[in-house]
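Modelling step: build the complete structure from the supplied sequences, incorporating the hints.
Sequence lines, in order, name chains B and Z.
Per the numbering used here, the first sequence runs over residues 4 to 408.
Per the numbering used here, the second sequence runs over residues 2 to 133.
Bear in mind the hints are in silico, worked out from the structure with no lab data behind them.
Source: prediction; values computed, not measured.
Every residue, glycine too, gets a C-beta built ideally from N, C-alpha and C.
Fair warning: there could be bad hints in the mix.
Said to hold, decoys possible - Here chain Z is said to cover these stretches of chain B; the calculated rule only asks that three of the stretch's residues, wherever they fall, bring their Cβ under 8 Å from a Cβ of chain Z:
| no. | region |
| --- | --- |
| 1 | 152-159 |
| 2 | 169-182 |
| 3 | 204-216 |
| 4 | 266-278 |
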Amino acid sequence: MAAQISPDSVWVLGAHMTRFARYPDRDLIDLASESALGALADGEVTVADIDVLACGALFQASGAVGQRLQKQIGQTGVPVYNVANACATGATAIRTVMMAIRAGEAEIGLAVGAEQMGKMGLLGGGATKKEKKVFEPSGRYGAVTGVDGYLGTETMPGVFAQAGTAYAHDHDSVGFEQFARVAYKNHLHSTLNPLAQYQKEFSMDEIMESPMMSYPNTLLMCCPTGDGAAALVLVSGERLASMPSHVRKRAVKVSASVLTSDPFTEDCQVQPDVNTLTRNAANQAYETAGVGPEDLDLVELHDCFATAELIHYDNLSLCEPGGAGEFIDSGGPFRDGTTPVNVSGGLISKGHPIGATGVANVYEITTHLRGEAGDRQVAGATVGLAHVIGLASACGVHILEKAAA
Amino acid sequence: MAQARVPLVDYLCLEPEPHLVAQECRHCGARFFDRRNACARCGRSDFAPAEVDSNGELRAFTIVHRAAPGIPVPFVSAIVNTDDGTWVRSNLINCDPTPEAVTLGMRVRLTTYPVGTDDDGTEAVAFGYEPT
Numbered sequence: 004m005a006a007q008i009s010p011d012s013v014w015v016l017g018a019h020m021t022r023f024a025r026y027p028d029r030d031l032i033d034l035a036s037e038s039a040l041g042a043l044a045d046g047e048v049t050v051a052d053i054d055v056l057a058c059g060a061l062f063q064a065s066g067a068v069g070q071r072l073q074k075q076i077g078q079t080g081v082p083v084y085n086v087a088n089a090c091a092t093g094a095t096a097i098r099t100v101m102m103a104i105r106a107g108e109a110e111i112g113l114a115v116g117a118e119q120m121g122k123m124g125l126l127g128g129g130a131t132k133k134e135k136k137v138f139e140p141s142g143r144y145g146a147v148t149g150v151d152g153y154l155g156t157e158t159m160p161g162v163f164a165q166a167g168t169a170y171a172h173d174h175d176s177v178g179f180e181q182f183a184r185v186a187y188k189n190h191l192h193s194t195l196n197p198l199a200q201y202q203k204e205f206s207m208d209e210i211m212e213s214p215m216m217s218y219p220n221t222l223l224m225c226c227p228t229g230d231g232a233a234a235l236v237l238v239s240g241e242r243l244a245s246m247p248s249h250v251r252k253r254a255v256k257v258s259a260s261v262l263t264s265d266p267f268t269e270d271c272q273v274q275p276d277v278n279t280l281t282r283n284a285a286n287q288a289y290e291t292a293g294v295g296p297e298d299l300d301l302v303e304l305h306d307c308f309a310t311a312e313l314i315h316y317d318n319l320s321l322c323e324p325g326g327a328g329e330f331i332d333s334g335g336p337f338r339d340g341t342t343p344v345n346v347s348g349g350l351i352s353k354g355h356p357i358g359a360t361g362v363a364n365v366y367e368i369t370t371h372l373r374g375e376a377g378d379r380q381v382a383g384a385t386v387g388l389a390h391v392i393g394l395a396s397a398c399g400v401h402i403l404e405k406a407a408a
Numbered sequence: 002m003a004q005a006r007v008p009l010v011d012y013l014c015l016e017p018e019p020h021l022v023a024q025e026c027r028h029c030g031a032r033f034f035d036r037r038n039a040c041a042r043c044g045r046s047d048f049a050p051a052e053v054d055s056n057g058e059l060r061a062f063t064i065v066h067r068a069a070p071g072i073p074v075p076f077v078s079a080i081v082n083t084d085d086g087t088w089v090r091s092n093l094i095n096c097d098p099t100p101e102a103v104t105l106g107m108r109v110r111l112t113t114y115p116v117g118t119d120d121d122g123t124e125a126v127a128f129g130y131e132p133t
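Spelled out as structure tokens, the structure:
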């Protein structure tokens with residue numbers, strides 16, 4: 004299936020990502036500029052053509068990153084939206100530009116995601132207070148001191164480990180080995196991606212025996228912190244139709260762009276429910292795009308931890324209900340399997356500079372649909388899905404389709 | 002004279018026997034442990050305290066080996082579904098922090114343990130769950 008250009012559709016015109024890495028000698032604006040300029044050049048437009056800019060950078064969300072970016076690449080006076088939405092920040096930037104184009108306020112827009120984390124180490128959780136200690140209840144739980152480590156864990160590897168073991172409670176055939184195999188796959192995939200932060204294969208034994216972070220997530224089953232940026236130029240179908248044929252041929256249709264938050268569930272009061280909002284987003288996206296999970300040639304999903312990827316096979320309906328363990332064991336999500344998942348190496352190996360992630364996933368799908376993914380190309384790819392989730396929670400799902408020849 | 006004790010969080014009641022008290026929505030029955038402005042399920046704002054069953058089942062866990070400085074590791078973080086259907090997060094205690102000793106679906110019950118003493122000599126008491 005290949006998409007036709009209807010006037011009210013929205014398309015990826017240009018795309019770029021930096022290699023994800025650690026860049027101690029560059030700043031956030033350097034990274035954002037590289038991707039923004041790269042995406043503009045890729046789409047054969049200039050900053051003067053951009054009607055709207057959305058910029059996501061989570062840890063500098065109050066720092067007017069979009070305007071600082073403009074001061075390096077072009078102060079054209081167009082509206083700038085600085086967005087922050089946890090690990091779905093990048094997807095939210097894309098969706099902001101989508102909405103502006105759909106509303107008729109813009110014909111061409113630029114979405115940028117960037118993050119500079121350095122070696123931040125473990126995210127989530129915190130130590131008890133160090134000042135003079137007098138137990139006085141404070142906050143919404145009337146806590147007299149920090150509760151992390153006493154009333155369960157607030158660390159990210161732990162929270163997502165619990166999401167994985169909750170799935171294992173409800174479904175047989177899921178255990179330490181299945182979670183480890185997810186990491187094995189993504190490290191293996193990353194060896195073909197020159198943009199990945201790490202490009203090294205590890206054996207199952209190396210993964211299972213690497214330092215335990217939060218069982219069942221070992222170090223090699225956790226994404227690293229890092230730096231990087233990604234950017235997309237989006238265009239209305241009406242405007243695209245007037246562009247030269249070589250530009251139209253490389254354009255990729257955004258067939259669905261969905262953002263959800265978590266609806267009330269009983270257990271989400273004590274542990275983040277990363278499942279329901281992902282299922283809701285996926286179902287909305289499939290319905291909007293008119294495609295089903297069986298049509299997907301590749302998927303980039305939010306594998307912040309190996310436990311997370313496994314449960315999203317089920318949430319995105321990539322496997323039979325309850326069958327995520329069998330799916331990974333059967334080789335289904337490997338690059339030569341039935342539905343290749345995270346052929347980029349995923350967050351686990353490609354890296355996870357938070358604001359950039361939700362844009363980089365769409366860059367990856369776009370690159371495959373254009374047939375430009377080099378050694379890691381999924382042959383003949385015409386439809387792909389990109390998924391991100393941030394705790395609190397926010398979930399972004401984009402479905403993309405190759406242009407008709 | 003006995004040492005003064007305070008619960009780590011205000012939804013833990015130490016007397017007469019340690020138990021948890023949830024804020025229950027009078028309209029839809031949703032239960033919460035934090036101070037509420039309104040109900041996250043139905044949007045109404047009438048709540049009543051509800052005693053939570055102290056017995057339940059382990060529904061999810063992780064064994065934390067890396068945590069913020071000052072937090073003793075390893076420990077078992079647990080998600081428990083109590084016999085009255087309330088979800089609670091705490092530590093699993095009185096149990097080896099190993100995958101072999103922790104079993105999904107195992108029966109647990111609420112218990113308490115001290116987590117420290119402040120500069121006035123008051124002891125903070127946390128709750129955890131232990132295997133039965």
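We went through each hint and held it up to the structure:
1. 152-159: holds (count 6)
2. 169-182: holds (count 4)
3. 204-216: holds (count 3)
4. 266-278: That given contact holds, which follows from 6 residues of the region 266-278 of chain B lying within Cβ reach (below 8 Å) of chain Z.
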